[in-house]
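Participant: Residue strings, one per chain:
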Amino acid sequence: MASSVISSSPFVCKSSKDLGLSSFPKSSQISVNRCQKKSISRKIVSVMAPQRSSSTTGSVKTGMTMTEKILAKASEKSQVVPGDNIWVNVDVLMTHDVCGPGAFGIFKREFGEKAKVWDPEKIVVIPDHYIFTTDKRANRNVDIMREHCREQNIKYFYDITDLGDFRANPDYKGVCHVALAQEGHCRPGEVLLGTDSHTCTAGAFGQFATGIGNTDAGFVLGTGKILLKVPPTMRFILDGEMPSYLQAKDLILQIIGEISVAGATYKTMEFSGTTIESLTMEERMTLCNMVVEAGGKNGVIPPDATTFNYVENRTSVPFEPVYSDGNASFVADYRFDVSKLEPVVAKPHSPDNRALARECKDVKIDRVYIGSCTGGKTEDFVAAAKLFHASGKKVKVPTFLVPATQKVWMDVYALPVPGSGGKTCAQIFEEAGCDTPTSPSCGACLGGPADTYARLNEPQVCVSTTNRNFPGRMGHKEGQIYLASPYTAAASALTGHVTDPREFLQ
Amino acid sequence: MAASLQSANPTFSRTLASPSRSSFAPFRSPFVRFDTASASFNYKPLVSREASSAFVTRSAAEPQERKTFHGLCYVVGDNIDTDQIIPAEFLTLVPSNPEEYEKLGSYALIGLPAAYKERFVQPGETKTKYSIIIGGENFGCGSSREHAPVCLGAAGAKAVVAQSYARIFFRNSVATGEIYPLDSEVRVCDECKTGDVATVELREGDSILINHTTGKEYKLKPIGDAGPVIDAGGIFAYARKAGMIPSAAA
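In order, the protein sequence lines correspond to chains A and B. Just so you know, the UniProt record's numbering puts 95 at position 95 of the first sequence, and the rest follows in order with no gaps. Just so you know, the UniProt record's numbering puts 182 at position 182 of the second sequence, and the rest follows in order with no gaps.
Each hint should be verified, as a subset may be incorrect.
To be verified - Below, simulated BS3-like cross-link-like pairs (lysine-lysine); rule was C-alpha separation at most 25 Å, straight line:
| no. | chain 1 | residue 1 | chain 2 | residue 2 |
| --- | --- | --- | --- | --- |
| 1 | A | LYS108 | B | LYS241 |
| 2 | A | LYS340 | A | LYS361 |
| 3 | A | LYS225 | A | LYS73 |
| 4 | B | LYS117 | A | LYS477 |
| 5 | A | LYS116 | B | LYS241 |
| 6 | A | LYS347 | A | LYS229 |
| 7 | A | LYS136 | B | LYS103 |
| 8 | B | LYS241 | A | LYS77 |
| 9 | A | LYS108 | B | LYS103 |
| 10 | A | LYS229 | B | LYS193 |
| 11 | A | LYS347 | A | LYS396 |
| 12 | A | LYS394 | A | LYS423 |
| 13 | A | LYS477 | A | LYS229 |
| 14 | A | LYS364 | A | LYS394 |
| 15 | A | LYS229 | A | LYS77 |
| 16 | A | LYS477 | B | LYS103 |
| 17 | B | LYS103 | A | LYS229 |
| 18 | A | LYS114 | B | LYS241 |
| 19 | B | LYS193 | A | LYS477 |
| 20 | B | LYS103 | A | LYS225 |
| 21 | A | LYS114 | A | LYS225 |
Hints listed in this document are in silico derivations from the structure and should not be mistaken for laboratory results.
The following block holds chain A by itself, in its conformation from the complex (with noise of 0.2 Å):
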């Protein structure tokens, strides 16, 4: 539902109290201005777009966003507007080992006991999350899949039946985001839906991509259609060049502390500007990953040549990327100078409770965790390697890393980290104290069954890469979790205590 406030001038510029500017300081520690060419506004600037009116006569064609785009050629309409409730083709359905029993359990009841999805090559079953774990219920989910698998003919099913050696199972993957991406799942223009909410890290291929619960997954198993409300979009432009200590989570977390946890209820949070266009994939990812903790309802990031070339390495299928029209109407507008943001943690309990890094350096640490579809991406372990490496030291927690999926433990083991001199992530890990790399699924993100590899299960205080610290969020109620950037990460692993990362990066 869009906002129905029109503002009077085309400018609400936003107190710098709500908008937490007051926190950005002018700090001698940036010590060298990277703002570059042309002066970009120092303000974040909330700009609320008027409103759009639907045309009378249906013959004039409004400007579109690309989240309307996308869901209009998905719908067979020409036009979409914010509001619309239309049924939409999918492209792709994923699911896993703890949605994916439920949402076939459904398809049946309702479809029939010998019902066939719509179309077994367009499903992906990806078991991830309760996967290295005595849990019978668990192992049991992930068996039901393979039954379903066989039955339907799913094409593509990455499945394990070693538990005890992850390495002895080639199709199995791990976390189901980052192999969706790795394995050419997402393509620019597609709608893509998913049983798990961080379904819309995808939207950093320019695509629609949403979670989706069991029922809705059910159905679309049988029909390949969905019923969707058309969101409005909310418009972040990130402009300037990235500090060498800077990472997508600090950019994500900086804009989930703006706008609150409900901030993007039921919007787009469509990403642009020169930052964007400077991301690599794994790092639209990362900001594309969280908008969920903001309430959006899908990310979404204008492919460019960097989408292109990562999607063409990983599959032949065709597709259409898609662009915001100039006169589109977006529901509220923000501007982040990214040269001036300094890294920040999500302290405990909620990800918008945002505190720069620097200003948490007294809060005493018992563990610090790296991984899942946020921050266990190849290039998040590669960050926290190069953190270790440059400090020489040692860690002083108990320091856990979690590969998301096989491909990425394999670069942990065999990419050499940039200015090391050749050794490998794990080298450098190992040289750090940190606990070996364990075998690839969601881990302990989500807290999981008690035997849960990196669980907490204790009141501890924990550093962490991924994307909740609600209460409970990783096993124990009174677990504190202060969430991160893999450089964060690293540099407070390295202290023992929540650690700005430029202590050891410049």
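Following the hints, put chain B in place on chain A, whose structure we already have.
Facilitator: The following block gives chain B in isolation, referenced to the frame of chain A:
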């Protein structure tokens, strides 16, 4: 002048719920039996409509213009996320499996911090004595896990009255028909206490929440676009009605 956001060509329009039973198969699980006798709880249910012995989701049970929920309130605060509603360790339970559905109910809201002295479901029981959950802002935020509205419904709650919802939770509530999500206009969670006796009356246009313990009445916002789906009895029933999918398989 705020322009309406309704499309010029809506694919459906909000209609009054028909008082007569529709001919479509109600959205229900043939597997799950809601057997009041077997539950070990010992409270007197205050519901004004007795659930039938065959399990039918509440929204499909009586597709009438007026619907009433009556019972005790359980009050929570803002940003009650899905991990508090149903901690991740219980997600191995598959909601479409009848036994596990019941078990999910026993864990409803077990993730709430210790500050919540009163438990939603007593230890060792599968049903709650609270029919109506009163929430603050952003109820149900976090995961897309359908286990969240399902466990609340499985435990026996009928409706949530919250200031606002996270979209996936709201959508899942509507799609499953497990629990009726309603929006209050004011911060009802500040004015109600756990244990208050309340009634929610759903009417075309102006639904209300009556707190019998305090004597206060609150207007509830119209259900909006989700109305037709809820009235039909969930997304499958709605789709059958709209001719999107054929009638339930024989």
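Participant: Each hint needs a verdict: does it hold in this structure or not?
Facilitator: Each hint tested on the structure:
1. At most 25 Å may separate the alpha-carbon atoms for a hinted pair to count; LYS108 of chain A and LYS241 of chain B meet this at roughly 19 Å.
2. Restraint check for LYS340 of chain A and LYS361 of chain A: the C-alpha separation of about 20 Å stays at or below 25 Å, so the hint holds.
3. Restraint check: the Cα-Cα separation between LYS225 of chain A and LYS73 of chain A comes to about 13 Å, which is no more than 25 Å; the hinted pair holds.
4. This hinted pair checks out: LYS117 of chain B and LYS477 of chain A have alpha carbons roughly 14 Å apart, not beyond 25 Å.
5. Our distance criterion of 25 Å between C-alpha atoms is met by LYS116 of chain A and LYS241 of chain B, whose separation comes to about 21 Å.
6. About 33 Å separates the Cα atoms of LYS347 of chain A and LYS229 of chain A, which puts this hinted pair outside 25 Å; it is violated.
7. With a CA separation close to 16 Å, the supplied pair LYS136 of chain A and LYS103 of chain B stays within the 25 Å bound.
8. Taking the CA atoms of LYS241 of chain B and LYS77 of chain A, the gap is about 22 Å. The hint holds against a cut of 25 Å.
9. Restraint check for LYS108 of chain A and LYS103 of chain B: the C-alpha separation of about 22 Å stays at or below 25 Å, so the hint holds.
10. Restraint check for LYS229 of chain A and LYS193 of chain B: not satisfied, since their Cα atoms lie roughly 35 Å apart, outside the 25 Å limit.
11. Our distance criterion of 25 Å between C-alpha atoms is met by LYS347 of chain A and LYS396 of chain A, whose separation comes to about 21 Å.
12. Taking the CA atoms of LYS394 of chain A and LYS423 of chain A, the gap is near 16 Å; set against the 25 Å cutoff, the hint holds.
13. For a cut-off of 25 Å, the pair hint linking LYS477 of chain A to LYS229 of chain A is broken: about 35 Å separates their Cα positions.
14. At roughly 17 Å between alpha-carbon atoms, LYS364 of chain A and LYS394 of chain A fall within 25 Å of each other, so this suggested pair holds.
15. Proposed proximity of LYS229 of chain A and LYS77 of chain A is supported: the alpha carbons are some 14 Å apart, at most 25 Å.
16. For a cut-off of 25 Å, the pair hint linking LYS477 of chain A to LYS103 of chain B stands: about 21 Å separates their Cα positions.
17. Between LYS103 of chain B and LYS229 of chain A the alpha-carbon distance is near 33 Å, which puts this suggested pair outside the 25 Å criterion.
18. Straight-line distance between C-alpha atoms of LYS114 of chain A and LYS241 of chain B comes to about 22 Å, which keeps the hinted pair within the 25 Å bound.
19. Of the supplied pair hints, the one linking LYS193 of chain B and LYS477 of chain A holds, its CA atoms being roughly 23 Å apart against a limit of 25 Å.
20. Only pairs whose Cα atoms come within 25 Å are accepted, and LYS103 of chain B paired with LYS225 of chain A is rejected, the gap being roughly 31 Å.
21. A C-alpha spacing of about 20 Å is found between LYS114 of chain A and LYS225 of chain A, which places the hinted pair at or below 25 Å, so the restraint holds.
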